[in-house]
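Student: Residue-level listing of the chains:
There are 2 protein chains.
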Amino acid sequence: MADAIITPWEVKGTVDYDKLIKDFGTSKISAELKQRMKKLFGELHVMLSRDIYYSHRDLDAIIGELEAGRKIFIYTGIGPSSEMHIGHIIPFAFTKWLQEKTGANLYVQVTDDEKFLFKKERKLEDIERIADDDILNVIAQGFDPDKTFIFKDTEYIRNMYKLATRIAKEVNFSTMKSVFGFTNSTNVGMIFYPTLQMEPTFFENSYCLIPAAIDQDPYWRVQRDIAEKLGYRKAAQIHSKFLPPLTGIEGKMSASHPDTAILLSDDEKTVERKVMKYAFSGGQQSVELHRKLGGNPDVDVSFQWLSYMFEPDDKKLKQIEDDYRSGKLLSGEMKQILVEKLNSFLSEQRKRKEQAHKLVEKFMYTGALARKMWDTYYE
Amino acid sequence: MADAIITPWEVKGTVDYDKLIKDFGTSKISAELKQRMKKLFGELHVMLSRDIYYSHRDLDAIIGELEAGRKIFIYTGIGPSSEMHIGHIIPFAFTKWLQEKTGANLYVQVTDDEKFLFKKERKLEDIERIADDDILNVIAQGFDPDKTFIFKDTEYIRNMYKLATRIAKEVNFSTMKSVFGFTNSTNVGMIFYPTLQMEPTFFENSYCLIPAAIDQDPYWRVQRDIAEKLGYRKAAQIHSKFLPPLTGIEGKMSASHPDTAILLSDDEKTVERKVMKYAFSGGQQSVELHRKLGGNPDVDVSFQWLSYMFEPDDKKLKQIEDDYRSGKLLSGEMKQILVEKLNSFLSEQRKRKEQAHKLVEKFMYTGALARKMWDTYYE
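So the protein lines, in turn, are chains A and B.
Counting in my numbering, the first sequence runs from 1493 upward without gaps.
Counting in my numbering, the second sequence runs from 1493 upward without gaps.
Simulated from the structure, these hints should not be mistaken for laboratory data.
Note that CB positions come from ideal geometry on N, CA and C, so glycine has one too.
Be a bit skeptical, because a hint or two may be false.
[As the list claims (entries may be wrong)] One side only, chain B facing chain A, incomplete, derived with CB under 10 angstroms:
(1) 1526
(2) 1645
(3) 1646
(4) 1659
(5) 1664
(6) 1686
[To be verified] Negatives, chain A to chain B, calculated, CB over 12 angstroms:
(7) 1496
(8) 1528
(9) 1546
(10) 1591
(11) 1637
(12) 1669
(13) 1697
(14) 1740
(15) 1786
(16) 1805
(17) 1807
(18) 1831
(19) 1840
(20) 1847
Please build the complete structure, drawing on both the sequences and the hints.
Tutor: Pasting the structure below:
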């Protein structure tokens, strides 16, 4: 089997998550570490107990800081390339839980520059429109508006550029080539951009924890190489797997292939149609055969989505799994369970997005953390 | 003879200025073009009549615009790498004349980012200190404070970054490599930086004229390749030769080799000592021989400096040249003439620099053009 391709801009093939841990030099989140988190936080998020967040760097140090009563801060981001889909929400749902449990400041970088620079045909005004919509969807997660700063690179560059030049001075083209696969044909904006994605790890003088999908790891490898030279700390990460595309468990969902994704804007009928038509099934070819042989939840995308986050109740999930394996639960019924869960999630999301409009100013400019950040020039 | 090395960061060897015109694909400023300028402006600056500004691109188009009563704008810059020397003042003295004659808006870019990024050992705080001092020296030239905007890249980036990403998207690493001689070891800040030096050519929707030494030409070659794709005009340039170092006519003066340069901060005694001790002389080895054979003004740095700008009176300059060739004027006397001219220039510069302190706000933030620029976000 050919190796999967994993870069911040492309995920192709069947991802061997254990191999990524070896290739990237990260660590598996151990049972002992989970135990410490459970004790510290009073509970464990299902994305941790179910190994959706499965890999890390220095998470033990972060837990140690929190156990000792010291502060950490959290940093994540969103790339506004096209409308947000359900896979984009995973890190934010998890991050919301992290902020609740730690009380930490959260920085959300909206990488409008990156997404504009990355593809020739993209126009900046389209990216900005998408970015504004993404910001509403992020706010809808319910973060603390006085402890959360959401910023677009093209705006906050005014406070970031000086420190960005210090970061950029530590990284040459060779490094960018080998870490990100850049070539001589890569435009010079993309070559510079990673310095800006590294910079928020230096926003506070304490430990930074980054919850993100594992494809973002190259940035943090470079960050960890240069942080101490610049007088800062290496950032800690907690890496998630990718929510599989509707059409099968390979690769990553993409809003540019609408059949593979449920968009946050999809209405109830569209959700039902997409799941019924495209969700890859682990069932048998006929009801008779399914009743006799049972289905395979390991490749059934509807079951996988339920287990990623949409059925948080472990007992109920186990029942669904057992019933599917035994043939009691049919593929169509499995899909119906997911459709209901998705539509109830999306309906809630839409409602909170409506209310998010009036919070944009606070998260971006006038909340306690935002105000402090606009007064801070990083050098 | 090995070719001279000419990049924006290094000038070494004897510069063959005619060859540069061929290599860079620029044009000589013709007698006819000078005639048109003389008619238009009422006079010709000595740096034009004496071919210090000797090469151009599209200067004819600029003159055409002005003849037709249309507006142009002027853009130049200063790299704050070390204290300003007398060679740095040449483009500003000439630019002051250009603004007076054309009434054009002038943009002065202070490339603090570039100078920090370029050398490993440089600290940003030192660069900023130098930049602030350079700005005083620039203001001392007497520009129109309501038609001149002086800005540091690290500050004005807030208004420039969006358009910079559009520029950066049009330029890949291959181009930067071949135009600027960048390598895989070049840091990614330097690789991105040229987009910022190109951007001010897009500040107005009219023709841009750039007076600068010819080593800056690589930027304008790239600018001319991409300007029209981005919906802007190709920038016009007028290129000067380099004021030769005190120690001989090769290369370019450098403040990091204090013997080769007169710094704007040098006091009268220092100026006299440096010129007397280091200024390369075209004279003979003894007074007797000099009286008999005469001196050679073509290699005499003191004479060259007088002819670059410090003796603006053509008749007096001709007399000095003739007297030197005939042996009537001794090398020490030639040096004394230069010392007096330099000290009178520097005394005036110091006086105006003192007064410049109270104008900084206006040129950078509160003058009519500066206010407009801080309200303008380039996209």
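Student: Report the numbers of all earlier hints that the structure fails to satisfy, in ascending order.
Tutor: 1 and 12
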